[in-house]
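Asks: In the order they appear, the protein sequences are chains A and B. Everything in the first sequence is counted per my numbering, starting at 1 for the first residue and increasing by one. Everything in the second sequence is counted per my numbering, starting at 1 for the first residue and increasing by one.
Worth flagging that the hints you see were computed from the coordinates, not collected in a lab. This one's a predicted model, so the numbers in the text were calculated from it and none came from an experiment. Where is the CB? At the ideal position from N, CA and C, for every residue including glycine. Check each hint, because a few of them may be wrong.
[Unchecked claim] Here are a few chain B residues that face chain A, going by a calculated C-beta distance under 7 Å:
no. : residue
1   : 3
2   : 10
3   : 279
4   : 282
5   : 285
6   : 287
7   : 291
8   : 370
[Claimed, not checked] Among chain B residues calculated to face chain A with C-beta under 10 Å, some are:
no. : residue
9   : 2
10  : 11
11  : 12
12  : 14
13  : 15
14  : 276
15  : 277
16  : 283
17  : 284
18  : 365
19  : 366
20  : 367
What follows is the residue order along each chain.
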Amino acid sequence: MSTLTLDVREVSKRFGDGETAVKAVDSVSLAVEPGEVVLIMGPSGSGKTTLLSMMGALLRPTGGTIHLDGTEISALTEGRLPDIRLRQFGFIFQDFNLLSALSVLENVAIVAELAGAGSRVARDKAAALLTELGLGERLDFLPEKLSGGEKQRVAIARALINDPALILADEPTANLDSKIGHEIMRLLRGIAKERGRSVVIVSHDQRIRDIADRVLWLEDGAFRDVVTMATDPVCEMAVERERAVRAERDGETYFFCSRGCRDEFLGGTLPDDSRHPRSEIAVR
Amino acid sequence: MSAEGLLARRSLTRNRVRFAVSVGGVALALSLTLALDAIYAGVANQLTTYVDRAGADVWVGQAGVRNLHMVASWLPASVVEGVRAVPGVADATPILYSTDTISAGNERAVAYVVGLPADATMGGPWDVVEGSARVGRGEIIVDQGFARTAGVSIGDTVTALGRQARIVGLSQGTASLVNSVAFVSFDDFQAMRGGAPVVSFVLVKVAPAASSQAVAAAIGSEVPGVTAQTRSDFSTQERRLVMDMSADVISIINAVGFVVGLAVVALTVYVATLARRREYGVLKALGARNGVLYRVVLAQSFLSVAAGFLVGLAFTGLLAFVVARAGLNLELSISAASLIKVGLFSAVIAGLASILPIRQVSSVDPAVVFRRGAAA
Ligand SMILES: Nc1ncnc2c1ncn2[C@@H]1O[C@H](COP(=O)(O)OP(=O)(O)O)[C@@H](O)[C@H]1O
Ligand SMILES: [Mg+2]
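Given only the sequences and the hints, what does the whole structure look like? Please build it.
Replies: See the structure below:
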């Protein structure tokens with residue numbers, strides 16, 4: 001069991017200089033506790049991948065700090081990063097990124113070997129892990145012979161082989177159909193809960209929210225509060241529930257943009273289509 | 001096997017065509033050098049056969065004469081007694097020698113013509129397959145290969161040193177790519193030279209207790225106007241002459257082989273690295289150090305070159321076997337020196353071929369793993 005905490009403080013990333021500079025991540029803070037599953041959502045281009053790359057020591061922030069259990073990994077020299085990546089992080093990618101020339105077993109064992117395990121030990125450990133993940137029959141297959149779900153399970157085994165504190169996954173279900181995608185998400189949740197790993201998942205897939213302990217919404221490089229939206233039944237404007245004028249009728253709660261609309265609603269009759277679906281969208 | 005070795009081996013063998021091109025190219029390039037070396041070594045062996053097999057421990061020639069090929073050596077006949085008088089000399093036989101042509105019908109061939117005294121104990125043919133090993137006046141012993149090509153046999157006549165001579169014996173092992181050795185009587189040879197009392201070389205056998213080196217030195221200092229050398233020195237001089245004559249050709253072929261081998265390996269390893277650029281990025285993201293990845297590239301180069309070297313060696317060996325069977329006056333001899341040279345070549349090729357791919361790998365950004373692209 002790991003007790004490592006990842007602590008991201010005021011982290012920013014700017015690509016390029018001057019006129020053409022892009023601020024991909026803008027002063028983001030976040031702490032991830034052991035055993036926690038954090039889901040970072042947001043539209044395409046909002047900076048999710050950039051943030052995850054910085055959390056995994058693959059990319060240096062242009063501002064702010066990232067600490068892993070007290071060590072400021074964002075300040076480490078290039079030479080010390082491979083060891084951190086190898087032992088503290090497990091990565092899972094949308095494209096699986098398995099090594100095409102190696103068998104399933106070798107893909108997983110080699111990461112243990114890179115961390116110093118002997119060939120025999122590495123292979124035994126990889127075989128055990130893969131078997132646990134239901135790939136016992138596929139050990140000698142080449143990645144090209146596997147289905148998408150199988151490839152992602154190999155990638156998960158590879159991410160776990162060195163017992164890392166954190167699993168970082170970027171759009172892990174984007175190339176999978178929704179049933180397999182859900183299986184993979186449940187697997188990741190299981191890993192967090194049973195093995196005490198922290199799991200950070202980046203996705204824009206709404207269907208996987210239910211496995212997360214915490215959902216964060218990233219937009220234009222910064223976290224926004226997740227607010228619940230409703231539609232004013234009178235003027236049909238989108239309103240934030242938390243700030244709206246509300247009223248009860250027949251055991252239902254309604255949200256309005258103004259007292260005027262509420263009064264009109266309470267005074268008149270309920271239209272047939274008054275039960276507008278509530279949508280959850282993010283606003284500033 | 002190490003992680004590096006595994007990655008290198010897999011990335012070579014999973015693309016068989018590229019590996020075959022790589023190994024084949026290196027094999028071809030290296031066997032160019034190996035085969036040429038072997039041919040020259042073979043030719044040198046043949047050219048020194050007479051010196052090596054004549055039976056003399058020390059060769060005494062005109063002052064300054066250090067080898068046999070294309071030289072003229074004339075000594076007064078009186079030196080023979082002078083040589084015999086030197087302590088440590090057990091036996092001495094004078095011979096006359098000239099590079100000439102022998103002809104039979106339309107067939108003409110270059111030959112070392114040797115004039116042998118009737119009582120010669122050295123300098124004669126060492127492997128007579130048919131007829132006599134002794135030549136009298138008007139007689140000649142020729143190489144059996146020459147006889148076959150010229151269509152003559154025992155009893156037929158050939159022309160040597162401008163005179164007719166009757167074949168009395170056929171010898172073996174007395175031909176090279178360039179020439180053969182023919183034996184005539186000393187008296188005939190002397191007569192053809194106008195009867196002057198001269199000899200070309202005095203072949204010396206040293207006493208059992210004496211050293212060739214010491215006897216050669218003693219002859220050199222006690223007999224005026226001669227150069228005396230041990231058989232091995234004389235043979236080495238002869239060999240060096242061949243190698244000097246062929247040095248330019250060998251250098252050119254070596255350079256061609258080196259450049260072709262380098263180009264093939266460099267290109268195939270570079271292409272292989274480029275094709276797996278993303279996977280090198282994945283390995284970096286997973287925590288592989290640059291050094292590990294450099295070793296993967298180096299191992300690929302070295303494995304390709306080593307396989308190419310072995311295939312090239314096998315090919316040259318096969319060529320030597322085929323040539324030996326083909327009945328050509330040609331022999332291929334693969335020497336240790338040549339193997340070491342080509343081995344060093346190979347190592348340098350593998351090292352140089354890795355430079356560009358290593359630069360490629362070092363510049364790969366591990367963050368590529370999150371960019372979309374074709375991957376397994
Ligand atoms: N290496 C880079 N160089 C320049 N701009 C980049 C780079 N990586 C990402 N960006 C930009 O940063 C922004 C956020 O990108 P990204 O983190 O990939 O978003 P997401 O993963 O949420 O789709 C985008 O505008 C993108 O174009
Ligand atoms: Mg992304």
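Asks: Each hint: holds or not?
Replies: Here's how the hints hold up against the structure:
Taking 7 Å as the C-beta contact cut-off toward chain A, the hint placing residue 3 (chain B) at the interface holds, the least distance being around 4 Å. Because the beta carbon of residue 10 (chain B) sits about 4 Å from the nearest beta carbon in chain A, less than 7 Å, this interface hint is met. The beta carbon of residue 279 (chain B) comes within 5 Å of a beta carbon in chain A, closer than 7 Å, and the hint placing it at the interface holds. Look at residue 282 (chain B): its Cβ gets to within about 5 Å of chain A, closer than 7 Å, so that hint holds up.
Taking 7 Å as the C-beta cut-off, the interface hint given for residue 285 (chain B) holds, the closest approach to chain A being about 6 Å. Hint status for residue 287 (chain B) relative to chain A: holds, with the closest Cβ pair at about 3 Å, below 7 Å. With its C-beta approaching chain A no nearer than about 10 Å, residue 291 (chain B) sits outside the 7 Å limit, and its interface hint is violated. Of the supplied interface hints, the one on residue 370 (chain B) holds, with its beta-carbon coming within about 5 Å of a beta-carbon of chain A, less than 7 Å.
For residue 2 (chain B), the interface hint holds, the least distance from its beta-carbon to any beta-carbon of chain A being 7 Å, beneath 10 Å. The interface hint given for residue 11 (chain B) is met, as the beta carbon of that residue sits about 5 Å from the closest beta carbon of chain A, less than 10 Å. Residue-level restraint check for residue 12 (chain B) holds (minimum Cβ-Cβ distance to chain A is 9 Å; threshold 10 Å). Among the interface hints, the one on residue 14 (chain B) holds; its C-beta lies about 4 Å from the nearest C-beta in chain A, closer than the 10 Å criterion.
Interface restraint check: residue 15 (chain B) against chain A, minimum CB-CB distance 8 Å, threshold 10 Å, status holds. Hint status for residue 276 (chain B): holds, given a least beta-carbon distance of 8 Å to chain A, under 10 Å. With its C-beta approaching chain A no nearer than about 12 Å, residue 277 (chain B) sits outside the 10 Å limit, and its interface hint is violated. Because the closest C-beta pair between residue 283 (chain B) and chain A is about 7 Å apart, less than 10 Å, the hint holds.
This hint holds: residue 284 (chain B) has a C-beta 7 Å from the nearest C-beta of chain A, less than the 10 Å allowed. Checking residue 365 (chain B) against chain A: minimum C-beta separation of about 8 Å stays under 10 Å; hint holds. Checking residue 366 (chain B) against chain A: minimum C-beta separation of about 5 Å stays under 10 Å; hint holds. A cut of 10 Å between beta carbons decides the hint on residue 367 (chain B): the least distance to chain A is about 5 Å, and the hint holds.
Of the numbered hints listed earlier, those contradicted by the structure are 7 and 15.
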